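All chains, please: the whole structure from these sequences, using the hints.
Chains as they are written, first to last, in my numbering: chain U, 1046 to 1225; chain Y, 934 to 1278.
If you're looking for bench data, these hints aren't it; they were derived computationally from the structure.
Fair warning: this is a prediction, and the values are worked out from it, not measured in the lab.
Among the clues, some could well be false.
Using C-beta positions, here's what the derived DEER-type ranges look like [claimed, not checked]: (1) U/Leu1191 x Y/Val965: 53 to 61 Å; (2) U/Lys1118 x Y/Arg1189: 32 to 40 Å; (3) U/Arg1187 x Y/Glu1238: 51 to 59 Å; (4) U/Thr1170 x Y/Ala1114: 36 to 44 Å; (5) U/Leu1108 x Y/Asp1222: 42 to 50 Å; (6) Y/Pro989 x U/Arg1121: 51 to 59 Å; (7) U/Asp1109 x Y/Thr1196: 52 to 60 Å; (8) U/Ser1117 x Y/Leu1123: 40 to 48 Å; (9) U/Glu1065 x Y/Gly1072: 38 to 46 Å.
Where a beta carbon is used, it is the ideal one built from N, C-alpha and C, also for glycine.
So the chains spell out like this:
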Amino acid sequence: MAAKKKVKRAAPVRTPKVPEYVLWKGGPLLLEARTKSSEIRFRVNGPGMLFASVRLVTTLDALDGATAGALSKLARELRCVSKCGLNGVTRIPVEVKESRIGAHLEFSLGPMSMYQSLVILSVKTGRSMKEAIDEAFGAKKRFSALFEPVAAEGHAEHDHSTFGQEPDEDAHSAHAGHGH
Amino acid sequence: MAIDTRLNFNNLAPAARDRFLEAVLKLKAAMVPGRDFSVYDQFTALHASVMGVRAPGEASLVNMGHQNIGFLPWHREFLRRFEKALQAQVPGVTLPYWEWPDARNGTSLFTTAGMGPSRFAQSTTGPVTGLFAFSKPAGAPAWFPAALPGWRVHVNLRLPQFGLNEILLRGSSDDDWPAAANTIQTLENLNQTSPTANPYWAFWRFLESGARMHNTGHNVVGGHMSNPFFSPNDPIFWLHHCYIDRVWARWQANRRAAQAGSTFRSHYPPASQRNPFTLSTVPNGHRIDDMMWPWVGTTPGYSPEGASPAVRAMLPTFAAADVRRVAQTMDTQAMEGAGNGYQYS
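Written out as structure tokens, the structure is:
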């Protein structure tokens, strides 16, 4: 009697679940960036009003790999769009911002709204966000890479005539108060 | 003494559906004497004006209707007043709600015989068709108001810099909608608390700004609905907010049932409680015993300074005795005193 041949079944292909982060008052201020999916969705409440932008920050020193050049390479590999009921689909540039203390990646959140828009960050090649980040930095040590939402300034939601315009310094100082 | 009952739009019999639509169109046709805008337009102007109100005790303008805990009470009162205005046009009508989980294209809500096609998941906005089209539709029902040439956005209630003009628009590329039915059920039973935060805080935050909730709904409909100031230009606004109000009413009932002996007040933050998300004090208009602009009677110190003069000129005048406080909105079945109000099916 011939022995039964064990048939090895191929493991089912699982598409990683797309992470969805809600940016809202009191929400987390650090969000995992090294995900297994090639896309991350941000549900942004008050783009341009409550939240101005999102930064990518890491625990890496520049000498460990997080150089401005590595960030530029990563920025080129990422695509960012906003889906907004007022403006349709808007392409958002992913930029390297430099300051006297170093460099980081940053993207704005698209057209201003008091309601909510959907911002989608994805890797152009379709590989995972973790792979893209890890390759760009080439770090030899363990590290974290996290998205940090940045609060907006001003209070354009109070006045429809200034809605959609850049807030000026005076308007900001006049409306500092309850954090609403 | 009467309790109105609000129903799911999709469950309305055709005759009841038509009475509601007739009332909305008649309100849009009901011009304010001597002016070029309608009673319906006044509601839209009011919504725009609540975004920036000067209020006693506040150094900065207050958004009395959004972004804080008064979001639900203010809109409950706003909707009830709109419902009363509809009843003045067609006696007995009540506001129906847009049941998010079962209302995409294909249901009676978003049809030309209903509120007009949704235009979900479109890359661009486009004109609303059906009863709320720019021009009175061919073959319009006999009850379509003769004085109404079509659904036209008033000149003061547009935002041309965003392409929001006279023709009512819908359409959004955000098609991630609706929330699953069990998400709503979870929300209606939410009891997330801490020693310094009434459970209402978490509930309100989730309902106003969670994924696939109030804010998302405005974005998903798109066009005029996605503009925070003038979103009531699109009559789907009322059905969207009616569902939000229903979720709150059901949450209130669940919390009261879960906590024997509790009152409606028990399930709203006490006036002294700070915002647990920002640690800021709660602004005037949002605390339980605060008056809600514009229903502040003759109390001095309130003014919608954020609104343009043209929009302010459209606001209705309220009686000196017309004062409404947050606390008065807690019980839907006693909105106008015991046994006078509304309930949900």
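How the hints compare with the structure:
1. U/Leu1191 x Y/Val965: 53 to 61 Å: holds (54 Å)
2. U/Lys1118 x Y/Arg1189: 32 to 40 Å: This hint is violated: roughly 57 Å between Cβ atoms.
3. U/Arg1187 x Y/Glu1238: 51 to 59 Å: Distance hint for arginine 1187 of chain U, glutamate 1238 of chain Y holds at roughly 54 Å.
4. U/Thr1170 x Y/Ala1114: 36 to 44 Å: Holds: the Cβ-Cβ distance is about 37 Å, inside 36 to 44 Å.
5. U/Leu1108 x Y/Asp1222: 42 to 50 Å: violated (59 Å)
6. Y/Pro989 x U/Arg1121: 51 to 59 Å: 54 Å Cβ-Cβ, so the 51 to 59 Å window holds.
7. U/Asp1109 x Y/Thr1196: 52 to 60 Å: This hint holds: roughly 58 Å between Cβ atoms.
8. U/Ser1117 x Y/Leu1123: 40 to 48 Å: holds (44 Å)
9. U/Glu1065 x Y/Gly1072: 38 to 46 Å: Taking Cβ atoms as reference, glutamate 1065 of chain U and glycine 1072 of chain Y lie about 44 Å apart, which means the hint holds.
The structure fails to meet hints 2 and 5 from the earlier list, while all remaining hints are met.
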